[in-house]
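Place chains B, C, D, E and F with the ligands on chain A using the hints.
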Amino acid sequence: MEQGLLQLWASTGLYNLTIGQVFMIAIGGILIFLAISKGFEPLLLIPIGFGGILANIPVAAIAGPEGLLGILYHSGIESGVFPLLIFMGVGAMTDFGPLLARPSLMILGAAAQFGIFFTLFGAIAMNFIPGIEFSLADAAAIAIIGGADGPTAIYVASRLAPELLGAIAVAAYSYMALVPIIQPPIMKLLTTEKERQTKMTQLRHVGKLEKILFPLTLLLVAILLLPSATPLIGMLCFGNLLKECGVVDRLSNTAKNELINIVTIFLGLAIGSKLAADKFLTPETIGILLLGIVAFSIGTAAGVIMGKIMYRFTGGEVNPLIGAAGVSAVPMAARVANKVGLDANQHNFLLMHAMGPNVAGVIGSAVAAGVLLAIVG
Amino acid sequence: MEQGLLQLWASTGLYNLTIGQVFMIAIGGILIFLAISKGFEPLLLIPIGFGGILANIPVAAIAGPEGLLGILYHSGIESGVFPLLIFMGVGAMTDFGPLLARPSLMILGAAAQFGIFFTLFGAIAMNFIPGIEFSLADAAAIAIIGGADGPTAIYVASRLAPELLGAIAVAAYSYMALVPIIQPPIMKLLTTEKERQTKMTQLRHVGKLEKILFPLTLLLVAILLLPSATPLIGMLCFGNLLKECGVVDRLSNTAKNELINIVTIFLGLAIGSKLAADKFLTPETIGILLLGIVAFSIGTAAGVIMGKIMYRFTGGEVNPLIGAAGVSAVPMAARVANKVGLDANQHNFLLMHAMGPNVAGVIGSAVAAGVLLAIVG
Amino acid sequence: MEQGLLQLWASTGLYNLTIGQVFMIAIGGILIFLAISKGFEPLLLIPIGFGGILANIPVAAIAGPEGLLGILYHSGIESGVFPLLIFMGVGAMTDFGPLLARPSLMILGAAAQFGIFFTLFGAIAMNFIPGIEFSLADAAAIAIIGGADGPTAIYVASRLAPELLGAIAVAAYSYMALVPIIQPPIMKLLTTEKERQTKMTQLRHVGKLEKILFPLTLLLVAILLLPSATPLIGMLCFGNLLKECGVVDRLSNTAKNELINIVTIFLGLAIGSKLAADKFLTPETIGILLLGIVAFSIGTAAGVIMGKIMYRFTGGEVNPLIGAAGVSAVPMAARVANKVGLDANQHNFLLMHAMGPNVAGVIGSAVAAGVLLAIVG
Amino acid sequence: MDIEQLMMQSLQLLGLGMGAVFIILTLLICIIWAVSKIVPEEQPDVIPVPSDRLSKPGHQHIAAIQAAIHKYRKSR
Amino acid sequence: MDIEQLMMQSLQLLGLGMGAVFIILTLLICIIWAVSKIVPEEQPDVIPVPSDRLSKPGHQHIAAIQAAIHKYRKSR
Amino acid sequence: MDIEQLMMQSLQLLGLGMGAVFIILTLLICIIWAVSKIVPEEQPDVIPVPSDRLSKPGHQHIAAIQAAIHKYRKSR
Ligand code: NA
Ligand code: NA
Ligand code: NA
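Keeping their order, the protein sequence lines are chains A, B, C, D, E and F.
At position 108 of the first sequence the residue is numbered 108 (our numbering), and the sequence of numbers has no breaks.
For our numbering, count along the second sequence from 1 and bump the result up by 1000.
For our numbering, count along the third sequence from 1 and bump the result up by 2000.
For our numbering, count along the fourth sequence from 1 and bump the result up by 3000.
For our numbering, count along the fifth sequence from 1 and bump the result up by 4000.
For our numbering, count along the sixth sequence from 1 and bump the result up by 5000.
The following block holds chain A by itself, in its conformation from the complex (with noise of 0.2 Å):
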């Protein structure tokens, strides 16, 4: 009997426990409550952070490789699987409708990538604290943060830095979350009044036969130029034709609805695995949220300032605070572009012109990854 105790005992939690796991239990319990109490990314940061918490429970070895974490990242993760059907999701999801009305924005999409590459040199730069020691790959998966894309940073993260991406993961839903704390003070920094009040002209009526053939050119473009980047962009342009195309609408509401939903599941407690304490407590962590933060504001930062140098060139017809939203974190940037802009001027409502920046963005940071992949890959 005394020994069916000590046997007992012994595989209890309190026997077993390290302080790094208690830590990073009460880390996860934090997201779980962000998430709830503040509505921070709620899809993704639940699982997330439960998923951290069973990885983190000792006995049980849930993110090993026999657990069900363990399982679900080697299927779901390791093979970029999970967040390429997220992408498909995204795809079925997004209305491309406002960058086609506009194309020229899509330009804002572009420079919000500076976020991602300044971010690159940092990381690197991040070298000369001694006890990191980042490789050109963990910066590039690092920097892809910068895209502000939670299935771009985890595809490119998986691909060239998995034992970082944890952290990066955590990082870049983090900041998604953050982003109607970070982005404001920068966009009002960067603008004068009389530009955040600028009105903008109603949006041209985009027909269907436009939108049909947007994701097939889009994907051709990343054929002929970089097929590095066609996983991401091809996903995204097969659940966006699936959607636009009208006629196979019951598998297009499958992808955006069940399937993704599945896949969130999946994903969140699958990158929850990596918040294993042995692993996560490590300084590359805190040089990675701190790299994190930097990469969203100069990502922020360059929007805003191509939004203003657009505004000059148009001669006022464009808002720059709709450059702040070409960081992608669809749809939540561009409510913020929106929110700073009614905040000037009460009846100035930029919601759907931020939509196109907004999107450009997603395609923008998946170039980016494929640059990423193609050169350090």
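Calculated from the structure, these hints are not laboratory results.
All of these numbers come straight from a predicted model, not from anything done at the bench.
One or more hints might be untrue.
To be verified - Derived SDA-like pairs: lysine to any residue, alpha-carbon spacing no greater than 25 Å straight-line: (1) A:208 <-> F:5037; (2) A:188 <-> A:93; (3) C:2308 <-> C:2203; (4) B:1208 <-> B:1257; (5) A:194 <-> A:348; (6) C:2256 <-> C:2220; (7) B:1194 <-> B:1037; (8) D:3037 <-> C:2101; (9) B:1256 <-> A:93; (10) C:2211 <-> B:1037; (11) B:1199 <-> B:1017; (12) F:5037 <-> A:209; (13) E:4037 <-> A:93; (14) A:38 <-> B:1249; (15) A:279 <-> A:30; (16) E:4037 <-> B:1058.
Stated by the list, open to error - Computed spacing ranges between beta-carbons, pair by pair: (17) E:4015 <-> B:1128: 16 to 24 Å; (18) C:2286 <-> D:3012: 43 to 51 Å; (19) E:4037 <-> C:2208: 49 to 57 Å; (20) C:2282 <-> D:3007: 34 to 42 Å.
Stated by the list, open to error - Anything over 12 Å on all C-beta distances counts as not near chain A; from chain E, calculated: (21) 4004; (22) 4012; (23) 4030.
Cβ coordinates follow ideal geometry from the N, Cα and C atoms, glycine included.
Chains B, C, D, E and F with the ligands in isolation, oriented as in the chain A frame:
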């Protein structure tokens, strides 16, 4: 031509069927018949029965390692993924409100687990019968039938005694279906008419915050005391958190609808693959079926007796009938308690009062499973 | 910098695309165009066409063993899982009522399978053409196109001639889409105006019990006589039993909606992976496309001729046009029979009468597939 | 294997295959026919034909509307 | 391992297992009870009881119907 | 590889990457613009504005209600 005819003849079922296969196909047919005409757990017994038929077809090797059922078994049950996903769905469906409203009734869900451990003892005792040889792991896997919880039984069996899984799953679901027949005589035998007529006071209202905190609390307790139970309890809590947190309804709806449906189909078929005649038709199976009914009966009795103790201690505030619901078998056992209560007193509605012990029974058997996995596994 | 530019240039599609890949990307585009603008089996041809484009992108290796399409192909088609799940969904959608109401019409669904076996002979005869070399397994896989049933064709091809799967799947779905163009001339050529005007008596009502018993009966016959057909027929019967039994509607709804949609997306993309230029652009593909149309035409003719025989034997009670529906291609072929019937007589509604042979054709081709798998496999 | 041999095999398959298809489907016809004789005939669910031509928008709506009108008529 | 030994082990498991189950569930009872005391009580959402007995078909329908009748009444 | 070399490489990536992003997105702008010129303009689906302010609960309901009232009015 004759050669071709012979080859075709040699590939027919008439040529290849064994007596055992014919028998097992009939068993599969009977399970389907009971499921359809008597409503015996049709969601699982129809896929299991059909899978059992498919597994006993000669030549086709559907349950073999390259057949559909074999693939489903390997990827979903051997890995533990399917029962855990089912548990997530169950969590997303379960309202722990009644349990939270009157937590003391959880003790009934604890008592009913006596069926599990008594049966463990009984299974070992069966070793005195020549021809039957159960290891401690086998006995533990069989005993869990007494938990009256399908996914828990399948998960434990897949870990401790995969070769007995078919019989254990069939026994577990069959007896769960038979709860309305097995339980009432025991309940009536152990209680007096006066006890059965006991009315219970209305449950207090349980707030949203308490409901959100419960799955997290439960998981925390499991982490501290019994990490080996956390795969099961963790997924139950995860599903329940998705439901209660209120910010990820699209995930909880998918978890409790499409995802659990898909997994149920696959799980049932995969279990069916273990009904292949050569593995199923053994003396052990008969032992398992016998032990299963013992487990259910003892569990019911233990729950009712604990109910009588609570009746005594609370001065007649607890109706002992709801103790029978402590075996789990959600929500069937709670309905049975309600029905037997109504038989004694037409105005005695016990359903909601029985739901507390009922879901407590799920937790109780998951805890019992954790003990078995920790010590025997 | 020059080195980086060169590396980037060397990773572009412009640098890497082969003529064959360009050609196949165009083919993918044409399939998508036909699916969208002409409504040719869009549910499958859009995913297949898009998958074909993705598979021909250089550098990205999306159809390679570690790319998304390669993973989907390996796990879903090589294993046989996807076509079997599709068959389950088809079973959950199919109403066998019209077939049960007038079972004698099943003979039309038998006759139309002549297309399969005649094509098998034709494929072997093609070996006389230099450069083409079909084994018996190849010929059988090609012949099954004549079954006019997508999942059956894919399942058989994945078992007997995986290297021909792409061409076979494209041929099967393309010709199924072309049924309204291929069949009417043949039907009109072989029938007289008077025959086509034949009205048929209303179908008797079929009870619930008969509908429940049918899938079980069908499976039993397949087990006894042709077990090699039971993976296909078994899943068809399973899906149909879920539908008809009436007690597991949540499972049958999932099987015929979300699950079949998810699998359709994956299956289409995975088939597309077999459209990679180096595998697809061979003389064999042209042979397969030719044989496919022969198979369809012969199958249609055989069905109509059997219809004429029944017309004679029943004294004009059977309209020979419904024989054409015996090829399967559910429900397209039945609609074509209805339309040709309406052309001959404005008040002649053959749709429900043609549904019997139509679904019998599904069973018939599954049986034919079983024979091929048993003898050639 | 030379082509002639293959052709012989494929001819043989033609015979065996069509034979199997016809045998199995004919057997099914017989069984279905037999089952339909054994199984007690079931009355089709008679859908009550509403005399009111307005029934399209759903019975509940109509019921609600009629109730409302009835109430109104009485309340005057 | 002989049967006696196994039986001893299973008896021991009975004790340990039921002990663990009771300890854990009792602990949960205490925690739930404590939480319910700490958490501020929440008023159940009061569902307004419609005075109109016709409410079954859904409020919107009724609203539409009443509006229609009202309009008709006025239009006369 | 020493840090200086890495920094050179990352600077180079900055140039190449931003270059690629701008080239590809600019190309897309041109193509989208060209396509929008080529594709025949499509009239947006004009949603008929109902003159009736009651239209919220759905046209079918209204239709049913109006029909019911019409019938009632006639039946008097
Ligand atoms: Na971006
Ligand atoms: Na239980
Ligand atoms: Na067919």
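Hints, verified against the model:
For the hint linking residue 208 (chain A) to residue 5037 (chain F), the alpha-carbon distance of about 14 Å falls within 25 Å, and the restraint holds. With a C-alpha separation of about 31 Å, the suggested pair residue 188 (chain A) and residue 93 (chain A) falls outside the 25 Å cut-off, and the hint is violated. Proximity of residue 2308 (chain C) to residue 2203 (chain C) is assessed by CA-CA distance (about 20 Å); at most 25 Å being required, the pair is judged to hold. At roughly 22 Å between alpha-carbon atoms, residue 1208 (chain B) and residue 1257 (chain B) fall within 25 Å of each other, so this suggested pair holds.
Of the pairs offered as hints, the one joining residue 194 (chain A) and residue 348 (chain A) holds, with about 12 Å between alpha carbons and a cut-off of 25 Å not exceeded. Distance restraint check for residue 2256 (chain C) and residue 2220 (chain C): the Cα-Cα separation of roughly 23 Å lies within the 25 Å cut-off, and the hinted pair is therefore satisfied. Using a Cα cut-off of 25 Å, the hinted pair residue 1194 (chain B) and residue 1037 (chain B) is violated, with the two alpha carbons roughly 36 Å apart. Between residue 3037 (chain D) and residue 2101 (chain C), the direct Cα distance comes to roughly 12 Å. Compliance with the 25 Å bound is thereby established for this hinted pair.
Distance check on the hinted pair: residue 1256 (chain B) and residue 93 (chain A) sit about 23 Å apart at the alpha-carbon level, within 25 Å; holds. Distance hint between residue 2211 (chain C) and residue 1037 (chain B) is fulfilled; the C-alpha atoms sit about 14 Å from each other, no more than 25 Å. For the given pair, residue 1199 (chain B) sits about 58 Å from residue 1017 (chain B) by alpha-carbon distance, which is inconsistent with the 25 Å threshold. This hinted pair checks out: residue 5037 (chain F) and residue 209 (chain A) have alpha carbons roughly 12 Å apart, not beyond 25 Å.
Simply put, residue 4037 (chain E) and residue 93 (chain A) have alpha-carbon atoms about 45 Å apart, too far for the 25 Å limit, and the pair is violated. For the proposed pair residue 38 (chain A) and residue 1249 (chain B), the alpha carbon gap of about 16 Å is at most 25 Å, so the pair holds. Between residue 279 (chain A) and residue 30 (chain A) the CA atoms are separated by roughly 19 Å; this keeps the pair inside 25 Å, and the hint holds. Between residue 4037 (chain E) and residue 1058 (chain B) the CA atoms are separated by roughly 63 Å; this puts the pair beyond 25 Å, and the hint is violated.
Checked against the hint of 16 to 24 Å, the pair residue 4015 (chain E) and residue 1128 (chain B) passes, with Cβ atoms roughly 22 Å apart. Under the hint 43 to 51 Å, the C-beta atoms of residue 2286 (chain C) and residue 3012 (chain D), about 27 Å apart, miss the expected range. At roughly 55 Å, the beta-carbon separation of residue 4037 (chain E) and residue 2208 (chain C) lies within the given 49 to 57 Å, and the hint holds. The hint said 34 to 42 Å for the Cβ distance between residue 2282 (chain C) and residue 3007 (chain D), and at roughly 23 Å that hint is violated.
With 12 Å as the threshold on Cβ separation, the claim that residue 4004 (chain E) sits away from chain A holds: the shortest Cβ distance comes to roughly 16 Å. Taking the minimum C-beta to C-beta distance to chain A, about 5 Å, the non-interface status of residue 4012 (chain E) is violated against the 12 Å cut. Residue-level check passed: residue 4030 (chain E) sits 17 Å from the nearest beta carbon of chain A, beyond 12 Å.
Violation of the numbered hints given earlier is confined to hints 2, 7, 11, 13, 16, 18, 20 and 22; the remaining hints are satisfied by the structure.
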